Amino acid sequence: MKLSNFFLAALAAGSNATSIGTRPSQFHDRALLQGIVTFDSHSLFINKERVTIFSAELHPFRLPVPSLYPDLFQKAKAMGFNMVSFYVDWALLEGKPGEFRSEGALDLQPFIDAAQEAGVYLLARPGPYINAEVSGGN
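Taking full-length UniProt numbering, the leading residue of the sequence shown gets 1, the next gets one more, and so forth.
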């Protein structure tokens, strides 16, 4: 699955996702998400499959050892979670305007790859203010 599919699914999953087990009475397609993420009055559909979201939380900047990511995602999956929400601490990635850093522990690709290998959706929550018990939220 492409990286863009993960982020589209993750962004759409921020809404209420309750599976009722009924047929969709009205199926909504949006041009940007058409064929990937849709919804009806009861839940989300990802690739036309009804999905109930059970989300865990993990902050990659708090565990800067990418080799541990696969184990964490496998454990989350084993506990019944199908999504992991994560903050993107933009103050770390772009400390100075225009100077983007993505090396070492700041490289999100190993985090995304580990989630994909485990079969877990990601919900990215980027922002300058992340409210993650860091000084001033950023």
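No lab work stands behind these hints, which were simulated from the structure alone. Be aware that a few hints might be false.
Claimed, not checked - Simulated restraints, written as ranges between beta carbons of each label pair: (1) A124 x T52: 14 to 22 Å; (2) S67 x S41: 41 to 49 Å; (3) N47 x Q74: 38 to 46 Å; (4) E49 x A78: 19 to 27 Å; (5) K48 x G95: 27 to 35 Å.
As the structure is a prediction and not an experimental result, all values here were calculated from the model. Backbone N, C-alpha and C fix where the C-beta goes; we use that ideal spot for every residue, glycine too.
Taking the hints in turn, this is what the structure says about them:
Look at A124 against T52: about 20 Å separates their beta carbons, and that is inside 14 to 22 Å. Judged by the Cβ atoms, the range 41 to 49 Å given for S67 and S41 holds: they are separated by roughly 43 Å. For N47 and Q74, the Cβ-Cβ distance of about 22 Å falls outside the hinted range of 38 to 46 Å, so the restraint is violated. Distance hint check: the CB atoms of E49 and A78 are about 21 Å apart, consistent with the given range 19 to 27 Å.
For K48 and G95, the Cβ-Cβ distance of about 42 Å falls outside the hinted range of 27 to 35 Å, so the restraint is violated.
In this structure, the earlier hints numbered 3, 5 are contradicted, and the remaining ones agree with it.
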